[in-house]
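Asks: For reference, the chains in residue letters:
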Amino acid sequence: MRAQERVEYAKKLLDEIGLGSDRLEFFHIAASEAPLFAKTGEKMTERAREMGPNPLRSVK
Amino acid sequence: MIVAKRKPFNEIKESVSGASRILILGCGTCVAVCLAGGEKEVAILASQLRMAFQLEDQNVQIDELTIERQCDREFIEQIGTKVNVDDYDLILSTACAAGVQLLSDVFDHKVVVPGLNTTFIGVAEGPGVWTERCRACSDCVLADTGGICPVTICAKELLNGPCGGARNGKCEVDPEKDCAWVLIYNRLEKLGRLDRMKQIHAPKRHSVQEHPATIVHEAYRQRYTV
Amino acid sequence: MVDYEPTVVAMLCNYCAYSAADLAGVGRLQYPPNVRVVFYLCTGKVEILHILKAFEAGADAVFVGA
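Protein sequence lines correspond, in order, to chains A, B and C.
The first sequence: position 39 = 39 (the numbering used here), numbered continuously.
The second sequence: position 224 = 224 (the numbering used here), numbered continuously.
The third sequence: position 3 = 3 (the numbering used here), numbered continuously.
It should be emphasised that the hints constitute simulated quantities derived from the structure, not laboratory data.
Mixed in with the good hints, there may be bad ones.
Said to hold, decoys possible - Below 20 Å or equal to it, Euclidean Cα-Cα: the simulated DMTMM-like pairs (lysine to aspartate or glutamate) are:
| hint | chain 1 | residue 1 | chain 2 | residue 2 |
| --- | --- | --- | --- | --- |
| 1 | B | 13 | A | 16 |
| 2 | A | 11 | A | 25 |
| 3 | B | 5 | A | 15 |
| 4 | B | 13 | A | 15 |
| 5 | A | 12 | B | 56 |
| 6 | B | 82 | B | 57 |
| 7 | C | 45 | A | 5 |
| 8 | C | 45 | A | 25 |
Take the sequences, apply the hints, and build the full model.
Replies: Structural data, given as structure tokens:
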């Protein structure tokens, strides 16, 4: 999958600048999997909460 | 074409440190084709540097520009129509080393640093894969070797057949790589030109390799030099 | 800094995750309002630069759904 490969590459780039690759993730979600989408949204929001705000945001 | 690879991010960041206004200058020819220093790669590098400096609370202005070719004065002169180079402390060039050098000749009052490691003259094997095909030896032997360069592909640069270390068509220096002379034999056999292998090549004429080399095309030069 | 509202950017494919998000809406499934959706006709169009720009603009997390 093209998007998946690009996400993997972008993760490397994020690690290089020290932002951390955990802020970016790729998920397979089929059109019928609404609960999985909701769960994924929750999971990433939760992860963002744990990691704290993006340091680039506070600078702005 | 020239194939290059981006330098490690930390090395680039270190080389531009101290500058507060940086121009990242891409090149739209070879390095754009090998996805190392074209417009897109410049944008990615600029975005990365902007974030990295912001994370360290450093205020660095980073602008992007990509020109057609950095190994040609005509194109470098056009930079002035787009940006004022004197607005910047440093130019980070993502051209091959030739481009970087011409750029620092033209702007000899500016610091010019490279963003890439220039690696070889090669071809695109497929999406995202490039291989070396030429060592620029100035004395081409491809006529006798079926279009396969032993100077580049043979680890020992042998000109008169294999060394005897080949195993199942692979090189003894690196078993992952093909033996150049097995490739050459197979190609010549297919072309019905195996007799070409019997040609004895004298040792390579390194004397024809001038470093740094200059090529002058007389007719062209006279016509366009005023 | 502990209680902040993160912004999560979701880059979604029309035929997969976007439809799933749509279905979640139709089915009235609850999901966090922090998720901001970016619609793609196909996530094959997601470029590395889009992801970097999202972070540069201050996104706290990004996910690509396909």
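Asks: Against this structure, judge whether each hint is valid.
Replies: We went through each hint and held it up to the structure:
With a C-alpha separation of about 10 Å, the suggested pair residue 13(B) and residue 16(A) falls inside the 20 Å cut-off, and the hint holds. As the CA atoms of residue 11(A) and residue 25(A) are separated by approximately 8 Å, the hinted pair is consistent with the 20 Å bound. With a C-alpha separation of about 19 Å, the suggested pairing of residue 5(B) with residue 15(A) holds against the 20 Å cut-off. Using a Cα cut-off of 20 Å, the hinted pair residue 13(B) and residue 15(A) holds, with the two alpha carbons roughly 14 Å apart.
A hinted pair counts as satisfied when its Cα atoms are at most 20 Å apart, and residue 12(A) with residue 56(B) qualifies at roughly 19 Å. Distance hint between residue 82(B) and residue 57(B) is unfulfilled; the C-alpha atoms sit about 29 Å from each other, more than 20 Å. Between the alpha carbons of residue 45(C) and residue 5(A) the distance comes to roughly 12 Å, so the proposed pair stays at or under 20 Å and holds. With a CA separation close to 16 Å, the supplied pair residue 45(C) and residue 25(A) stays within the 20 Å bound.
Against the hints set out earlier in the document, a violation occurs for number 6 only.
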